[in-house]
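Colleague: Okay, here's what each chain looks like letter by letter:
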Amino acid sequence: MNWLIAILQTILFVALSPLLAGWVKCCKCWLQNRKAPSIFQPYRDLLKLTYKQPVVSEQASWLFIKAPYVIFSATVLAATVVPLIAVDLPTSASADVIVMVGFFAFARFFLALAGLDIGTAFGGMGSSREMTISSLAEPAMLMAIFTLTMTASTTNLSLAIAHVLNEGLILRPSFVFALSALILVAVAETGRIPVDNPSTHLELTMIHEAMILEYSGRHLALIEWASQLKLMLYGVLIANIFFPWGIAQSFNPQDLAYGLMAIMAKLAVLAIVLAISETLVAKMRLFRVQEYLSFAYLLGLLGMLSHIILEASR
Amino acid sequence: MNIEQLDFYTQAILSMAALVGLTSFLMLGQGRLLRLIFVFALQGFLLTLTTALAAYSLDNPHLYISAVLTLVLKVIFIPWMLRRQVLHMNMHRDIEALKNNTFVMLGGASLMVFSYYVLHPVVQSSSAVMLNALAVSLSVMLLGMLLMISHRQAIAHVVGFMSIENGLFFAAIVATNGMPMVVELGVAFDVLVAAVLFGIFFLHIRTSIDTLDVDMLNRLHEVDK
Chain X
0 MNWLIAILQT
10 ILFVALSPLL
20 AGWVKCCKCW
30 LQNRKAPSIF
40 QPYRDLLKLT
50 YKQPVVSEQA
60 SWLFIKAPYV
70 IFSATVLAAT
80 VVPLIAVDLP
90 TSASADVIVM
100 VGFFAFARFF
110 LALAGLDIGT
120 AFGGMGSSRE
130 MTISSLAEPA
140 MLMAIFTLTM
150 TASTTNLSLA
160 IAHVLNEGLI
170 LRPSFVFALS
180 ALILVAVAET
190 GRIPVDNPST
200 HLELTMIHEA
210 MILEYSGRHL
220 ALIEWASQLK
230 LMLYGVLIAN
240 IFFPWGIAQS
250 FNPQDLAYGL
260 MAIMAKLAVL
270 AIVLAISETL
280 VAKMRLFRVQ
290 EYLSFAYLLG
300 LLGMLSHIIL
310 EASR
Chain L
0 MNIEQLDFYT
10 QAILSMAALV
20 GLTSFLMLGQ
30 GRLLRLIFVF
40 ALQGFLLTLT
50 TALAAYSLDN
60 PHLYISAVLT
70 LVLKVIFIPW
80 MLRRQVLHMN
90 MHRDIEALKN
100 NTFVMLGGAS
110 LMVFSYYVLH
120 PVVQSSSAVM
130 LNALAVSLSV
140 MLLGMLLMIS
150 HRQAIAHVVG
160 FMSIENGLFF
170 AAIVATNGMP
180 MVVELGVAFD
190 VLVAAVLFGI
200 FFLHIRTSID
210 TLDVDMLNRL
220 HEVDK
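Chains X and L, in that order, are what the protein sequence lines are. Take the first sequence: its position 108, counting from 1, is numbered 107 in numbering that gives the first Met the number 0, and each next residue is one higher. Take the second sequence: its position 77, counting from 1, is numbered 76 in numbering that gives the first Met the number 0, and each next residue is one higher.
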């Protein structure tokens, strides 16, 4: 039964992630006085890309063709670890939050290699930028997550969320810092404004798009889907760690349905916040990104410090 | 003693302490003057909230007066005055290039640890909440000093000075459950007078060396080097 729920939840993750991307796009269009595409447009895009024949360069090695599958499956595996509608998952017990960060790093490693593989100038540039940013973002993210794990004294995400849930409403200074750090990192890692602009191609400042410029057809579909999944993963992490109310603690259908509704509402609100911030903030210069991320790291560090200083038992 | 066992008031005070500390860090890394002044006003607002919270939970009506004073002076009047001066001197478009920003930030983080370490033996006998809040307010003071050291614009120095005062005020509210009214009024008017005096100083610095960059004060040597 537990495993069934875990599998169901992963399928939900994969199925709902284009919807979230579509919703973000809708919100952004409304805010910018444009006519929004249908909320299901990302599904249509993915379907269209799947039908199309992929075009692969003659210079491409096997790595270029295999990379989309590796990236997609690593991201799906990361999704299995994160509780979406219910806590107490067997998958969370077998892999903790550090493994999740590891899956992200694994996917990113292959994405960067694929960007380098073809040998275009854009691909190499994008890979180098992506690695620079992620090497700075990862410590900040781990710092934010360690704050949570130290509070719950476990790195198991399910148990940690259940711990936060059972404690009820407690104002924790450290969580304020950890939340802001995690939001900053999530923006950087999912390639949103102000770090990267997800909707532009052929701009000299692009990062994620530069790496996948050579992909087409179903390969592109897989990579796009993986990045939508990553956006949703970060959204769920933020929503479920810091505002876990509503998540199902038992496996009866009513609780699960309630959990699903709760997480969808939370994600919808988060997406609106993301759209507003993307509309208000301009994209940063690339060389300012390290300042931004070191600020995120500082916040994570402060969260950890204030956990030890203000909250820990003596 | 865990945070779960504390009452809601103490939790809220601790969160406020954390947020006040955060605004200090935000000020430290801010190169634009207008934004620096905005964060300073934000810190003042957090202080107002803390004071009002203390007034409510301690049932101490005169603290409301000091909350209102804080709101008027530190959230509205002083930021407004500084802002007007920045606009008047046409400095709002300048971005100050902060030297060694990362080092300053890390230095700030270590100052926070240091202030906790220093205060640990001092308040060991009293409650842990007091220790925490005092540690945060000491670090706000030290961060204010660091702000004055690391920034070059005279207006940033004034903001740093005022944030030192904010740290003292926070400590006074949390540790003493509100000072006597006379002292509070005195401090508030001191701050007001200081703000006005600084305004006059700005004017004089500006007329004598034509900038508010304090590094340029080196030009005032009597003999040329």
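No wet-lab data here; the hints were simulated from the structure. Since this is a predicted model, take the numbers as computed values, not measurements. Errors might be hidden in some of the hints.
Non-contacting residues of chain X with respect to chain L, defined by C-beta distances greater than 10 Å in every case (computed) [unchecked claim]:
1) Ile64
2) Phe105
3) Thr189
4) Phe250
5) Val272
6) Met283
According to the in silico footprint, chain X covers these stretches of chain L (three or more CB under 8 Å from chain X) [as the list claims (entries may be wrong)]:
7) 5-13
8) 110-118
Backbone N, C-alpha and C fix where the C-beta goes; we use that ideal spot for every residue, glycine too.
Colleague: Against this structure, judge whether each hint is valid.
Modeller: Right, here's what the structure says about each hint:
Non-interface status of Ile64 of chain X relative to chain L is upheld: no Cβ of that chain comes within 10 Å, the nearest being about 41 Å off. With a cut of 10 Å on Cβ distances, Phe105 of chain X stays outside the contact zone with chain L, its closest approach being about 29 Å. The beta carbon of Thr189 of chain X sits about 24 Å from the closest Cβ of chain L, which is more than 10 Å, so the claim that it is off the interface holds. Its beta-carbon lying about 27 Å from the closest one in chain L, Phe250 of chain X satisfies the requirement of being farther than 10 Å from that chain.
For Val272 of chain X, the non-interface assignment is confirmed: its Cβ lies about 19 Å from the closest Cβ of chain L, beyond the 10 Å cut-off. The claim that Met283 of chain X is not at the interface with chain L holds, since no C-beta of that chain comes within 10 Å of its own (minimum 13 Å). For the region 5-13 of chain L, the stated coverage by chain X holds: 4 residues have a C-beta nearer than 8 Å to a C-beta of that chain, and at least 3 were required. With a threshold of 8 Å between beta carbons, the proposed coverage of the region 110-118 of chain L by chain X holds, since 3 of its residues qualify and at least three are required.
Checked against the numbered hints given earlier, the structure satisfies every one of them.
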